[in-house]
Each structure stands twice: as structure tokens, then as C-alpha cells.
Amino acid sequence: MILQVQSHKRIQLIDITRDVQNLVREAGPISTGLCHLFVRHTTAGIMINESADPDVCEDLIEWLNRIAPHHGGYRHREGNSDAHIKSAVVGVSTSIPVENNRLLLGTWQGIFFCEFDGPRTRNVQITVYPTPKSVDLKS
Amino acid sequence: MILQVQSHKRIQLIDITRDVQNLVREAGPISTGLCHLFVRHTTAGIMINESADPDVCEDLIEWLNRIAPHHGGYRHREGNSDAHIKSAVVGVSTSIPVENNRLLLGTWQGIFFCEFDGPRTRNVQITVYPTPKSVDLKS
Amino acid sequence: MILQVQSHKRIQLIDITRDVQNLVREAGPISTGLCHLFVRHTTAGIMINESADPDVCEDLIEWLNRIAPHHGGYRHREGNSDAHIKSAVVGVSTSIPVENNRLLLGTWQGIFFCEFDGPRTRNVQITVYPTPKSVDLKS
Numbered sequence: 350m351i352l353q354v355q356s357h358k359r360i361q362l363i364d365i366t367r368d369v370q371n372l373v374r375e376a377g378p379i380s381t382g383l384c385h386l387f388v389r390h391t392t393a394g395i396m397i398n399e400s401a402d403p404d405v406c407e408d409l410i411e412w413l414n415r416i417a418p419h420h421g422g423y424r425h426r427e428g429n430s431d432a433h434i435k436s437a438v439v440g441v442s443t444s445i446p447v448e449n450n451r452l453l454l455g456t457w458q459g460i461f462f463c464e465f466d467g468p469r470t471r472n473v474q475i476t477v478y479p480t481p482k483s484v485d486l487k488s
Numbered sequence: 350m351i352l353q354v355q356s357h358k359r360i361q362l363i364d365i366t367r368d369v370q371n372l373v374r375e376a377g378p379i380s381t382g383l384c385h386l387f388v389r390h391t392t393a394g395i396m397i398n399e400s401a402d403p404d405v406c407e408d409l410i411e412w413l414n415r416i417a418p419h420h421g422g423y424r425h426r427e428g429n430s431d432a433h434i435k436s437a438v439v440g441v442s443t444s445i446p447v448e449n450n451r452l453l454l455g456t457w458q459g460i461f462f463c464e465f466d467g468p469r470t471r472n473v474q475i476t477v478y479p480t481p482k483s484v485d486l487k488s
Numbered sequence: 350m351i352l353q354v355q356s357h358k359r360i361q362l363i364d365i366t367r368d369v370q371n372l373v374r375e376a377g378p379i380s381t382g383l384c385h386l387f388v389r390h391t392t393a394g395i396m397i398n399e400s401a402d403p404d405v406c407e408d409l410i411e412w413l414n415r416i417a418p419h420h421g422g423y424r425h426r427e428g429n430s431d432a433h434i435k436s437a438v439v440g441v442s443t444s445i446p447v448e449n450n451r452l453l454l455g456t457w458q459g460i461f462f463c464e465f466d467g468p469r470t471r472n473v474q475i476t477v478y479p480t481p482k483s484v485d486l487k488s
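Residue numbers (this note's numbering), protein chains in the order written: chain A, 350 to 488; chain B, 350 to 488; chain C, 350 to 488.
Be aware that a few hints might be false.
Each pair may be met inside one copy or between any two copies, as identical chains are not told apart.
No farther apart than 25 angstroms at their CA atoms in a straight line, the calculated lysine to any residue pairs in the SDA-like style are these [unchecked claim]:
hint: 1; residue 1: Lys358; residue 2: Pro418
hint: 2; residue 1: Lys358; residue 2: Gln474
hint: 3; residue 1: Lys358; residue 2: Gly377
hint: 4; residue 1: Lys358; residue 2: Gly455
hint: 5; residue 1: Lys358; residue 2: Gly428
hint: 6; residue 1: Lys358; residue 2: Glu375
hint: 7; residue 1: Lys358; residue 2: His419
hint: 8; residue 1: Lys358; residue 2: Arg469
hint: 9; residue 1: Lys358; residue 2: Arg374
hint: 10; residue 1: Lys358; residue 2: Leu452
hint: 11; residue 1: Lys358; residue 2: Gly467
hint: 12; residue 1: Lys358; residue 2: Arg389
What the hints contain is simulated information worked out from the structure, not anything from laboratory work.
Being a predicted model, the structure only gives us computed values, none of them experimental.
Required output: the full structure, derived from the provided sequences and hints.
Next up, the structure:
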């Protein structure tokens with residue numbers, strides 16, 4: 350399944366928890382399993398962090414800009430090397446446990462699409478893997 | 350399966366390799382598969398790194414404190430923005446290959462629960478996924 | 350499956366996309382699934398980032414050396430603490446969606462083995478997990 354995300358700034362953390370949860374709910378009956386998220390871009394990423402207070406995202410963005418500033422004497426001529434670096438720090442892939450078609454996230458956890466070179470239209474590849482336990486016991 | 354971890358300092362890397370290995374051993378017969386670890390907290394993380402020399406963990410903690418100091422002029426009023434940042438750097442989720450109910454870790458690798466805002470009682474969600482290969486061949 | 354990688358410098362990002370794709374192609378018929386990569390070393394890592402312009406890798410290496418320099422007053426006596434830190438930043442494990450035995454990578458994405466304490470001969474553990482969907486529907 351593909352989740353399309355529209356970013357509106359150059360750097361932006363977009364809460365996609367509800368969208369991912371909806372896709373997992375409709376994925377067919379899953380007692381236990383894993384939800385895998387994969388960003389098919391090199392200047393974006395995926396992160397699980399606090400979704401309650403938006404200040405946390407602001408602090409994260411400010412920190413990322415401090416350790417990897419937009420203009421930092423990079424070689425890559427497209428002017429977005431900082432975005433590639435930020436992507437390397439947060440990563441482009443994560444997995445979340447699923448139980449009875451619900452994401453097993455903690456109380457304060459949200460899933461954030463991380464835009465580092467927007468605004469752009471982006472895609473997140475989402476795959477749900479049911480645990481093949483019952484099968485293994487039979488064999 | 351839930352592994353409970355008790356931290357004793359604000360920032361602490363706790364070696365949970367043996368506990369995870371014990372859970373994988375008791376998970377039913379698994380010839381090949383994957384052990385997925387997921388931290389359901391936003392001020393903690395999970396990391397695989399050297400477990401032989403405790404100085405490596407000390408160096409890692411010191412480095413994390415240098416790039417994301419506890420008090421760094423953050424907006425988030427709870428005073429633990431650095432913990433959210435450190436969590437974003439190391440990540441809250443990882444997967445380890447499993448063979449014959451053993452974690453396929455390298456000689457020097459250990460699994461570390463990373464506490465960034467302790468002391469607290471924490472939970473790590475652990476799921477073991479057997480490879481559904483034999484099944485696929487039948488269908 | 351084990352992919353052997355030979356590094357030639359102390360710090361080097363080695364594009365292993367083609368090798369991983371070849372292993373996935375030969376892994377038996379997989380309509381949908383997941384390719385899991387795991388580095389069994391503590392001074393190396395795995396990263397997905399831009400493979401088109403080699404300057405991006407140069408910028409990434411330079412940045413990693415800036416935030417975690419080789420000689421930085423570390424405690425660990427082997428003189429490679431920076432390599433353990435760099436490994437913690439990029440991570441030792443990732444997963445890529447697979448469709449019809451092809452890695453679902455984005456246009457600009459490549460898979461990089463990250464050597465941080467070479468030159469050495471290294472191993473990447475690769476496992477392909479077919480999605481057990483058809484099975485779950487039967488039960």
C-alpha cells in the first residue's frame with residue numbers, strides 16, 4: 350500500500366499515525382504482525398516520537414538544522430546535502446508491532462513523515478506482515 | 350512478549366542481550382526468522398553495539414550529551430527535549446536475524462536498551478517472526 | 350544468505366544495491382515480502398541514501414567525521430570509538446519491501462554498506478521474508 354504525503358515547507362515533520370492506523374485496520378484480519386514503513390526518497394525519512402506536544406517536533410527540527418545546516422560547504426551541487434544527512438540520521442524505514450489490526454504504539458508515540466527538502470508530494474510504502482505462527486506449529 | 354527494563358540513571362545503556370536471547374529460545378521452534386524489538390517510549394531507544402568494553406557505552410553517552418545537551422534552549426517545557434532527540438538518533442525499533450532459536454549477533458554485538466530520561470520502568474515489545482518459506486513453496 | 354564486503358579505506362560507503370538485488374532475485378519466487386539486512390559488526394553500518402551522485406557520500410562521510418572525529422578524547426582504548434558512534438547514528442539493520450523478487454527502492458536510492466574502521470572483510474546477513482498473506486486467509 351502507498352500512503353501519499355504532501356509537505357508544505359522545506360523541513361517539516363508530518364504526523365501520519367492516523368493514516369497508517371487506517372490502512373492497518375483495512376488490511377484483512379491480523380491477530381499479530383508487523384507494520385513496515387518505507388520512504389522511497391533520499392531527502393526524507395520516517396521517525397517515531399512524541400506527538401502530544403508540537404514543541405518536541407520544533408526542537409527536533411531546530412536540532413537537525415544545527416547539526417546539519419542547509420548551507421554547510423557541501424560538495425553536492427543540488428544544494429540539499431543537509432537533507433541527505435538528516436535522512437541518514439533518522440532513517441527511511443521502521444517497523445511497528447500490530448495486534449488485532451491495531452498499531453502497538455506507546456501512549457505518546459506518533460509516526461512522523463520527515464520532509465527535509467520540500468515542499469513535495471511524497472510516497473510511503475506500507476506493508477503489513479501477519480505473524481505466521483499458526484502455520485509453523487502445524488508443520 | 351514484553352520485556353520489562355528498570356533504569357537507574359537519567360541516561361543509561363542497559364545490556365538486554367541475554368534477556369532477549371532467553372525469550373527467543375522459548376518462542377517455539379524457529380529454524381529461521383527475525384526478532385523484532387520495539388520501544389514504546391519517546392524518551393528511550395534501542396541500539397546494537399559493542400558489549401565487550403563498557404567504555405564504548407560511556408563514550409556513546411558522552412557523545413550523545415555533547416551533540417544534544419540536557420539543557421540546550423529547547424521549547425518543550427518538560428525539560429527532556431534532549432531525550433526525544435537522542436531517541437530520534439538511535440531509533441526505537443530494530444530487527445535481528447534468528448537461526449535455530451538463536452540471535453545471529455556478531456561476536457562483539459550486544460542489544461542495549463537506551464534510557465534517556467530515567468530512572469524509570471520501561472517496556473520493550475519483542476516479536477519473533479518465523480520465515481514462512483516452507484509454506485510458500487507448498488502454495 | 351551472507352554478502353561479503355571488502356572495504357579499502359578506514360571510512361567508506363560501499364554501494365551494495367546490485368549484490369543485494371541479485372540475492373533477492375535468486376531467493377525463490379516472492380510476490381511480496383521484505384528484504385532484511387543486518388551488519389554483524391560494531392564499527393560498521395547500513396544506510397539507504399542517494400547513489401546517483403558520489404558527492405552525497407563524500408558529504409555524508411565528511412559530516413560524520415565532523416560530528417564524531419577519529420580522535421576525540423574517548424575512553425575506549427582501541428582508538429575506534431568514533432566508529433562505534435558512527436555505527437550508532439546510521440544503524441546496523443534495515444528492511445526494504447520486495448515485489449516480484451525486485452527491491453522496491455526509489456529511483457535515487459541505493460543500499461550502502463558503511464565501513465567506519467576499515468579496511469576489513471565484512472559480512473552482511475540478508476534474509477528475505479515472503480508475506481504470509483495467502484496462508485492467513487486459509488486459516
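In ascending order, which of the hints set out earlier in this document are inconsistent with the structure? Of the numbered hints given earlier, those the structure breaks are 3, 6, 9 and 10, listed in rising order.
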